[in-house]
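Got chain C sorted already, so can you dock chain X onto it with the hints?
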Amino acid sequence: MPQDLPPAGGYEAVQYKRNIPIRGLQPVWYLVGCAAIMAYGWRKVFLGNREKNELGREKMWSRIYITPLLQAEEDRDQARRYFADQAREKELLGSTSRPYNSDRFVRPTITYSPSKVTRD
Amino acid sequence: MARREPQFNQTVLIDPTPMPEHIPKVEEIGASSAPLMKAYGRGELECMKEGRKVTRCAASVLKDINQHCLDEFRQNWNCLDNHNHQMWQCRRSERVLNRCVFEKIGLQKVIPDTPKGDVPVHLRDKQLFANRRSVLYPGESDVGVLKERFKSEQRQGS
Chain C
1 MPQDLPPAGG YEAVQYKRNI PIRGLQPVWY LVGCAAIMAY GWRKVFLGNR EKNELGREKM
61 WSRIYITPLL QAEEDRDQAR RYFADQAREK ELLGSTSRPY NSDRFVRPTI TYSPSKVTRD
Chain X
1 MARREPQFNQ TVLIDPTPMP EHIPKVEEIG ASSAPLMKAY GRGELECMKE GRKVTRCAAS
61 VLKDINQHCL DEFRQNWNCL DNHNHQMWQC RRSERVLNRC VFEKIGLQKV IPDTPKGDVP
121 VHLRDKQLFA NRRSVLYPGE SDVGVLKERF KSEQRQGS
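Going line by line, the protein sequences match chains C and X. Numbered according to full-length UniProt numbering, the first sequence spans residues 1 to 120. Numbered according to full-length UniProt numbering, the second sequence spans residues 1 to 158.
No lab work stands behind these hints: they were computed from the structure. Quantities reported herein were computed from a predicted structural model and do not represent experimental measurements. Wrong hints could be hidden among the right ones.
[Stated by the list, open to error] Derived lysine-lysine pairs resembling DSS-like cross-links, with alpha carbons at most 25 Å apart:
hint, chain 1, residue 1, chain 2, residue 2
1, X, Lys-126, X, Lys-151
2, C, Lys-44, X, Lys-49
3, C, Lys-52, X, Lys-126
4, C, Lys-44, C, Lys-59
5, X, Lys-63, X, Lys-104
6, X, Lys-63, X, Lys-49
7, X, Lys-126, X, Lys-116
8, C, Lys-90, X, Lys-126
9, X, Lys-25, X, Lys-49
10, X, Lys-109, X, Lys-53
11, X, Lys-147, X, Lys-126
12, X, Lys-49, X, Lys-104
13, X, Lys-25, X, Lys-53
14, C, Lys-59, X, Lys-63
15, C, Lys-44, X, Lys-116
16, X, Lys-116, C, Lys-52
17, X, Lys-53, X, Lys-104
18, C, Lys-59, X, Lys-116
19, C, Lys-59, X, Lys-126
20, X, Lys-109, C, Lys-59
21, X, Lys-63, X, Lys-109
22, X, Lys-25, X, Lys-63
23, X, Lys-109, C, Lys-52
24, X, Lys-126, X, Lys-109
[To be verified] Computed footprint of chain X on chain C, listed as stretches where at least three residues anywhere in the stretch have a Cβ under 8 Å from a Cβ of chain X:
hint, region
25, 7-20
26, 63-75
27, 78-87
28, 92-98
29, 103-112
[Claimed, not checked] Label pairs and their calculated CB-CB ranges:
hint, chain 1, residue 1, chain 2, residue 2, range
30, C, Phe-46, X, Glu-103, 34 to 40 Å
31, C, Lys-52, X, Gln-67, 34 to 40 Å
32, C, Gly-94, X, Leu-80, 51 to 57 Å
Ideal placement from N, C-alpha and C gives every residue a C-beta, glycine not left out.
Pulled out of the complex, with its shape left as it was, chain C reads as follows (with noise of 0.2 Å):
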């Protein structure tokens, strides 16, 4: 029996591409739109925080230099409640007295509060 043979010059190729257009954009520059948002936000973002810390600066430099006006009150306020502390000693006691081995100022721990509470 003859065997089946391929045709004289061969079988014709095979078509499996499809022969459709590509449509629209390449997809590579869809990855160069969105790198391209990307940075001009990211470019935002560096000066928008370049901008907040010029203004921390600002914001620090004004509590700097606001400092010694706020401490000079406070000490004032401190001395003044010392000063009547000791007074009110002497006045109980006669005589006033150390708590601390120390000539360090320290911040009293305890108050004085007036038994009658007044404030005008």
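Chain X only, in chain C's frame:
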């Protein structure tokens, strides 16, 4: 839970005793709200003279500003009060105030350690975080100062 009245509330911690007579009087600014820590524990009693100097200096500056630039000052703090004390919202009134203070009193606002070559943040014409980004109005070279071109146009128009 806490049905008991708090015993150590602020009202009973007031000590109304005035300062002893031997310490000179100084009128307070009335600005201190928070206690600030110190490096040396004796400073409260030993630096009182310097503290009085500081307070009197600050009081004199405030007096000068109130005397010479009261309108600008009031405008600036009103703006700050209305904008949650965000300084970048009030650059326009701040620059007007700064110019007045510099011309009348000679004090200038300087922020140390600003990067070299950068415009200091309080002098920038564009504030990125402000509701209204541009500090200057159109046709201005500085706040309240028109450009030459717009000046001549105005002259022609009037």
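May I ask which of the numbered hints given earlier this structure violates, with the numbers listed in increasing order?
-> 2, 8, 12, 25 and 28
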